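**Q** Okay, here's what each chain looks like letter by letter:
There are 2 protein chains.
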Amino acid sequence: MEQHINFITLGVADLAASRRFYRDVFGWRETADSNANIAFFRTGNALLFALFGKDALVQDAQATASGSGFPRFTLAHNVGSEAEVDALFAGFAGKNVQIVKAPQKVFWGGYSGYLAAPDGFLWEIAYNPFLRQLR
Amino acid sequence: MEQHINFITLGVADLAASRRFYRDVFGWRETADSNANIAFFRTGNALLFALFGKDALVQDAQATASGSGFPRFTLAHNVGSEAEVDALFAGFAGKNVQIVKAPQKVFWGGYSGYLAAPDGFLWEIAYNPFLRQLR
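Residue numbers (UniProt numbering), protein chains in the order written: chain Z, 1 to 135; chain E, 1 to 135.
Honestly, I wouldn't trust all of these hints.
Where chains are identical, the list cannot tell them apart; a pair therefore holds if satisfied intra-copy or between any two copies.
[Claimed, not checked] Pairs of lysine to aspartate or glutamate, EDC-like flavour, derived with a Cα cap of 20 Å:
(1) K54 <-> D119
(2) K101 <-> E82
(3) K95 <-> D55
(4) K95 <-> D14
(5) K101 <-> D55
(6) K95 <-> D24
(7) K105 <-> D24
(8) K105 <-> D86
(9) K95 <-> D119
(10) K101 <-> E84
(11) K101 <-> D86
(12) K95 <-> E84
Derived by calculation from the structure, the hints in this document are not laboratory data. Only a predicted model underlies this, so the values are computations on that prediction, with no experimental measurement involved.
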């Protein structure tokens, strides 16, 4: 698995309030791909920082928000095809890894799965056919 | 404030277990600057991913770990001097931002402060004179 992180996505309670914060306090500008449900900020060449509704993020990861179980953010490692996602999960299978969501097609047109690292930190392994457009 | 994130630091319960996970499951290699207390991984040109003891991270941010208050990770925005850290915090002062830790010298030789974004997500604004060496 190559050593890169493509997305940090925060699960926020009030998306409008968070957008204002990053715009007014940090002075950051969203990418053109942002929409009513998600805000993207390009930070550096390859890293996207995203704001997403907390409940929507929980749902995307098929995680649970109860107790201290959900860390309220996710890290994403993107690869170039659905087959590469499957290959990585096949490799995890022999390593006693907790799979939170098996790789599957997702509504936004991609393909992804989630696993839990120690302490419940969530990693998404994803193929996103639109990723090059997120500028 | 420029649009970049330099560090993602996870506060972990068992540093040894997390190191094993990222080494054995992800196949990632730590940088030479890692030590007994902290593990660094270079992910892309400018982004460092770090593992740090949960309590140590709480202490560094001068945050509280009680309840759901501490998000168990921090994001860092690095600048080129102590004066630049101070200038950013001066700018935050007029914007109704919750300062978690005022800028100050820290034991590892740098200078940093923390603020809380909506939902309590913690941002460190830091000057790290050793950053170029973290390879």
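**Q** To test your reading of the hints: which numbers does this structure violate?
**A** 3, 7
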